[in-house]
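There are 4 protein chains.
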Amino acid sequence: MSAPIKKKAGVLGATGSVGQRFILLLANHPDFELFRLGASSRSAGKKYKDAVTWKQTDLLPENAEDIIITECTYEAFKECDIVFSGLDSDVAGDIEKELFTNGLAVVSNAKNYRREADVPLVVPIVNTDHIDIVENRVKAAVAKGEKKPGYIICISNCSTAGLVAPLKPLVEKFGPIEYVTAATLQAISGAGFSPGTPGIDVLDNIIPYISGEEEKIEWETKKILANVNKLGDGFDLLTENDIKVSAQCTRVPVSDGHTECISLKFKNRPAPSVEQVKQALRDYVCDAYKTGCHSAPKNSIVVLEEDDRPQPRLDRNRGNGYSVTVGRIREDPIFDIKMVSLSHNTVIGAAGAGILIGEYLVAKNLL
Amino acid sequence: MSAPIKKKAGVLGATGSVGQRFILLLANHPDFELFRLGASSRSAGKKYKDAVTWKQTDLLPENAEDIIITECTYEAFKECDIVFSGLDSDVAGDIEKELFTNGLAVVSNAKNYRREADVPLVVPIVNTDHIDIVENRVKAAVAKGEKKPGYIICISNCSTAGLVAPLKPLVEKFGPIEYVTAATLQAISGAGFSPGTPGIDVLDNIIPYISGEEEKIEWETKKILANVNKLGDGFDLLTENDIKVSAQCTRVPVSDGHTECISLKFKNRPAPSVEQVKQALRDYVCDAYKTGCHSAPKNSIVVLEEDDRPQPRLDRNRGNGYSVTVGRIREDPIFDIKMVSLSHNTVIGAAGAGILIGEYLVAKNLL
Amino acid sequence: MSAPIKKKAGVLGATGSVGQRFILLLANHPDFELFRLGASSRSAGKKYKDAVTWKQTDLLPENAEDIIITECTYEAFKECDIVFSGLDSDVAGDIEKELFTNGLAVVSNAKNYRREADVPLVVPIVNTDHIDIVENRVKAAVAKGEKKPGYIICISNCSTAGLVAPLKPLVEKFGPIEYVTAATLQAISGAGFSPGTPGIDVLDNIIPYISGEEEKIEWETKKILANVNKLGDGFDLLTENDIKVSAQCTRVPVSDGHTECISLKFKNRPAPSVEQVKQALRDYVCDAYKTGCHSAPKNSIVVLEEDDRPQPRLDRNRGNGYSVTVGRIREDPIFDIKMVSLSHNTVIGAAGAGILIGEYLVAKNLL
Amino acid sequence: MSAPIKKKAGVLGATGSVGQRFILLLANHPDFELFRLGASSRSAGKKYKDAVTWKQTDLLPENAEDIIITECTYEAFKECDIVFSGLDSDVAGDIEKELFTNGLAVVSNAKNYRREADVPLVVPIVNTDHIDIVENRVKAAVAKGEKKPGYIICISNCSTAGLVAPLKPLVEKFGPIEYVTAATLQAISGAGFSPGTPGIDVLDNIIPYISGEEEKIEWETKKILANVNKLGDGFDLLTENDIKVSAQCTRVPVSDGHTECISLKFKNRPAPSVEQVKQALRDYVCDAYKTGCHSAPKNSIVVLEEDDRPQPRLDRNRGNGYSVTVGRIREDPIFDIKMVSLSHNTVIGAAGAGILIGEYLVAKNLL
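Residue numbers (the UniProt record's numbering), protein chains in the order written: chain C, 1 to 367; chain P, 1 to 367; chain H, 1 to 367; chain V, 1 to 367.
Hint data in this document are derived by calculation from the structure and do not stem from the laboratory. C-beta: ideal position from N, C-alpha, C; glycine also. No false leads were slipped in.
Once the Cα atoms are required to be at most 25 angstroms apart in a straight line, the calculated SDA-like pairs of lysine to any residue come out as:
#1 LYS265/H with ASN241/H
#2 LYS265/V with ASN268/H
#3 LYS265/C with LYS222/P
#4 LYS222/C with ARG330/P
#5 LYS139/H with GLU116/H
#6 LYS222/P with ASP129/P
#7 LYS6/V with THR70/V
#8 LYS298/H with LEU366/H
#9 LYS265/H with LYS267/V
#10 LYS173/V with ASP236/V
#11 LYS55/C with GLU305/H
#12 LYS55/H with ASP58/C
#13 LYS55/H with VAL302/C
#14 LYS364/C with ALA140/C
#15 LYS148/H with PRO4/H
#16 LYS49/C with GLN279/H
#17 LYS55/P with ARG309/V
#18 LYS290/H with GLY232/H
#19 LYS46/H with LEU304/C
#20 LYS78/H with ASP94/H
#21 LYS222/H with LYS265/V
#22 LYS230/H with GLY175/H
#23 LYS278/H with LEU60/C
#24 LYS267/H with ASN241/V
#25 LYS55/C with GLN56/H
#26 LYS173/V with ASP242/V
#27 LYS49/P with ARG309/V
#28 LYS298/C with THR57/H
#29 LYS216/H with VAL274/V
#30 LYS111/C with ASP236/C
#31 LYS55/V with ASN299/P
#32 LYS278/C with LEU59/H
#33 LYS244/V with PRO176/H
Anything over 12 angstroms on all C-beta distances counts as not near chain C; from chain H, calculated:
#34 LYS78
#35 LYS216
#36 ASN241
Pulled out of the complex, with its shape left as it was, chain C reads as follows:
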C-alpha cells in the first residue's frame, strides 16, 4: 500500500513567532508537506535559514532551511492545498482575503476575520463542528457544479482556548453557564519576538494588562460555545443573556503556558457537584480525536488532583501541548465552581490549533 499523497502546505508570516511554530509542527507531518513560506518583501528571495531569527527550543527543521521565501500573494501560494497564516493583524486582512477569495483554504491565527458571521472560530478540541458551515458551503457549490470555493477558518485567541476548553464539556453535560470569570497569567511567548515583551518588564514583575485581550476572551467565548444555526450557514451566538463573561488578563514571567483562574455558575439548579464536574471533564472526548486526527489528544482535558497543579513548567506539554490541564476544582463561595486551567499558548492556543484544524479538514475531505 502506497503512502497517501501529502497536502501542500503554505505558511504566511513564516519568520514570525507563530510562523516558526507552524514550520516546526509541519516538519514531519503525516498529512502535510511544507511547500511555500511567505514573509514580507524584506525577506522574500532569501533562504528561510538566512531570513529567520530562530527562537524555538527545537532546532530549525532541515527541510525548511533552504526554502526560498516568497511574498504573501495568491500567485505565490496558488498551488497550496492549505495555507496557515501567522501574519500580524495589520497585514493579515488584505492578504488572507486575496487568498481565500481566489479559492484557497486558509487557517489563520490573526484576529481579523474572527467575528465574521460565516467564519468558524475554532478551538479544535472544542468546536470542530463549526466547520460544518464550511462543509455545507463546499458541498453546495460542488452540487451546483461550481468550483470548490475558498474559505478561511480562524484560530481562537490563545487565552480563550484555555477557558472554553473546560467549559465545553460542562455545557454539554450540565447545560448553560450563566456567569464565568477568568483571571489569566499569560506567558510571554504569546507576545511574539520583535520585540515582544521587554526583558525589564518580566524580571521580578507582572504586567497587569494585555491590549485587547479581555475583550477577545469575553466575545470569542460566546461564539465558540454557540451552536451552528438551522440553515447551517452561521452560528446562533450566545448573548449577554445566555452567558456573561468577565476576564482580567496579566502577563507573567513564564515562557510558555497560560494559567487561568476560572469561576463559573451554571444556569440550571441544582448545580453539579465538584465530583460531577471532574467526571464530566475526564469523560470528554473531542470530535477531532474521534475523527482520527493525528495530533488530537486522547484526553482533551487532563484533570489533576494535586493541590498545587497545574503548573506551567510541569504540565504545559501534556498531550504534546494539545491537552488543557485543569486542577483545583472546588466549590466557589459566590458562583458554583472554581478551577485553574493551564493551556499551551503556542500549541492549542495558536499554531498547534491551526495544524489540528488542518488535520480535521483533511479528514473531512475539505482540502
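Go by the hints and put chains P, H and V onto chain C.
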C-alpha cells in the same frame, strides 16, 4: 525641648523573614528603641549578626548587630513596652499568650489569634478603629484601679491587606459590597526563607496554590470590614449575607509585591460609576494618618490611570510600601467594577503594618 | 529474531533529582529494564508514585509508578545487572561499597569514589577508554576462573563535563594544554530539589559560589584527561606541571544547562588557529558513538558560529542533551583561545552520562 | 550664610535609560539644579512627563515633570554650567562636539570620545586625577586671558568600572598587574529600554555575548590605569607589555548589578598574600571622597568575607551604588588572586559616575 523617651520594643522570631523586616523598620524609628530580640533556643545566647542569615536588600542595621538573642519568654521580654511577633504559627500561640496574659502589648503577624472575638485584626490604613475595643478594655481596667492589662493585636494576612484597602473607602462611600472576587499573584517573599519557595518552582513557572491563603482572605475580609459592636468589646462580623468573598491565590516569580485582580458588586443600586469609584479611592485618608503616625501614607490608596499599571517592580514602594496602588479601574461585565491592586506584602502586608499599628498605639497612649 | 534480553537496572536514591532523571531515561531504554528502586527507609515499602515528589517536565513513566521502593542494600539489589546511583554523598559511600564489593556493577553520580586510583571517572563522550582498567580487571579474574568482580564507575561533576568535553579533542589533535580557566554560570537543577536553591536566591540575583565545585573542576579535569597507565590498572594523572586549571563557579537563574566561559593555552608553539580549533571540535567523534551506544551523539561537540550562542534555552537539548555545544571560539589576548561551552547538566553532566556509561558497559560485555 | 548657588545642569538623551537615571540623581542634588532636558525632535516641545516612558523603581521627580524638552543643540543648552549626556552613540558624536567646542563642559556616558588622547575616561572612585589634564588646559587658557574652554569627560563602560575599581588599589600598593581576566555576568538594565534585551532572552536563559563589550573592557582598562603624562596634557597609556586584559561578557537575568569573576597576576614577585590584597582594598580611599564630593563613598571598595557574596540583589546598593563590592578573594592556581566583584551598573557604571564626576568638577572649580 528634650526628645521624647522612646518605647522599648522587642521582636519575637527575630531571625526569620518577618523578624528581619521588623528590625529594619525599627532601626531608626522615632517612637521605638530596639530592646530585645527573641528566637529559638538554637540562636539564643548568640549575637544577632552571628545567628541571622540576613536576606534583606537593606544592610543589617548596626544597632541590631550585637544584641544578644534571648529565648521567647515573658521573663526575657517583661521590660518591653511593646513586642512585635514574627513567629511561625506553630509556636506563636503559646509564646504570645504567655506574654499578653502577663501584661505585655503584643502585635503579631501570626495567624493564631486572628479569629478571636476580642482581638483586633488590623490593616492599619483600613481599620485602626478596631483598636477601640482594646482602648476600652484598658480604660476600664485603669478606671477600676487595676493594672493596665496586656493584649494582642493581629496583623492581617498579606493578601487580605491588598484587597480590603481599596474596599474600605468604597464601603464608606457607597455602602455594602455584595460580592467580591480576588485572584492574587503573590510574591515569594511572603513564603519566608527557610526554605521558602524553591528556586525551581519560581523559574519559568507559576504555583497556583498557597496553603490556607484563600480561606484567610475570605474570612478576614469579613472581620476587617466589620464595625465595632455597641458594647465596644468586639465586632459585628459580616456574614455571607453581608458580603460574599471568593479568592484564588497563586505564587508568581516576583520578589516583593502582591498583585490582585479584583471584581466587586455593590449592594445599593445604582452602583457608582468608574469615575466615582476612582474619586472615592483618591479622597480616602486613613485614621492612622490623621492621628499623626509617622509611617502612615498621605495617600493610602494611589490611583493610577496608565493601562499597564500597577506593576510590582515599579509601584510596590509607593508611600514607602504603606500605600496600596490601584489601577485599571473599569466596568465589570458581571459585577460592577474591576480593578487591579498592588500591595507591598512585607510592608503594609506584614512587618510594616505591625510597626504602623505600634505607632498608633503610641499615639493613643496605649503602651 | 528475538529481541535481546534487557539488563536489569536498579536505581539508588530513586526519589531524588538525579534518581528521577535515571528513571526517565530508563523508561523505554533498549538495553535496560527498570527493575529495582531504592530510597531511604522513609520511602521504602511505598509505591514509587506515592513516595516521590515528581519535579520533571516529562511525566512520571507508567512503568515506574507502581514499583515498590526498597531500602538501598545489597540484598535488595543483588539480582540487578547494573545499579545507577543518585545517592547523596553523605550516604553514598557505605551503600555503594556494600554493593560493588559484593559483586555488583555500580555507576554513581556521587563524588565519594571519584578520586580512587582504580576507579574510572568518566564523561562518556570523552574518556570511555578509562573503563579499560575495569575490563582488564574483569578479564583477569575470569581468566583465573574467579567470579566476575563488582566495580564502580563514577560520573564526573556536572560542570567538569562541560569543560573537558571541548578540551579532549584539542588535546588529541594539538597536544597538551598548559593553562585552562573556566568561569561557570550553572543551572539550579544541579542543586537538587530538597530544598535546592531557594527561590529568593535566584530571582533577580546571582550566587557567586557553589560549595566544593571549583575544587572538583580543578582536580577532575586532571584525571579525566589522563591516560590509562602501562599496567592498565590505573591512570597517569596529570599534575600541575602538565595542566593548570582555575575555575570560578556561579549559580544563575537558569533551570537546566551550564554555561562556561573558557580560556586555554596550548603547550606546543605555534598554537593552532581559531579555524583549526573549530575544525578539530567538529571532527571529533567519541568512542561511545563508534561503539554503537544508543544515546551517544553523532556530534559530541556542536560548534556554533552565531555571535550570541550557545544559549541554555535554545541549545541545551542538542543531541538530546548528550552533545556539548561550543560557540564564540576566538583568540584570547592572554592565552591562545577563548570559547563558551554549554552542557546539559542533568544529561551529559549527571544521569544521562550514567546511562551512556551503562550502554558502553553493555557494548563491552562488562555486565 | 546663604546657600551656595547651584550649577545649572542639562541632560542630553533625557528620555532614555541613562537620561532617566541622571534626572533621578539630579532631583535633589546639593550642587546641581535641573535646568535643561534634551531629547530627539520627536519629544522636543513636550513636557517631560508626557514624553518619557518612565521605567525607574523610584518615582519621576516632581521638579522634572513639567520641564519642556528641547532639542539637543548648543543654542538650547548654552546657559548650562554642565551637561550630562545619556545619548546613544549614533548621535552623541556630533551633538557633544557642538557643545564642547562651543565652550560647554560635557560629561558623557557615550563611547564616542573615550579613546581620544586628550579626553579623560573616568571611573570617579578610581582616576579623578585624569581630570588634571582638563584643569591644566583650563588654567592655561585663563592664564593667557582666554575664555574658559569647553571640554568633554567620558564615563567608562559599565563593566570596565567593576574591573578597574578593585585593580586600582592593588596597582597602587603592589605595583603593576601583568595579566587580568574578567568573566562578566551583566544586568539587563545596561542594555537600555527601547527595546533592550527581549523578555524571552532573559527567561531561563543566558546570552553569552554583548556587542563590543569585551573590546571596551580590554582597551579602557589600559587608559584608566594609566598615569597622566609629564606634559599634563594626556596619558601614558598602558600597552600589551604593561598589562594584558582578557574579558568574556554575558548577559544574565538580573535587573541591576554586574558580577565579574576576576583573576590577576602581579608583575612583582613575591605576589601579595590574600590577606594583603584584602587589606589594600579595605584601606583604599578614593580622591573624590577626600575632595569632599557628596556622593563619593567612604568605602570605595567593600570587602566581604562570606563565601556566597557579593550578590546583586543584596549588595548592589552599598554606598548608594557608588561602592564596588568584592568577595571570594582567594589564591588562583594559575595567576595570583581570584575574586568576584559587584558594581551597580547604572550608578558607578553609568549615570552615577557622571554625577560624581560633576561633583568633582565643582570641587575643583572647573565649571
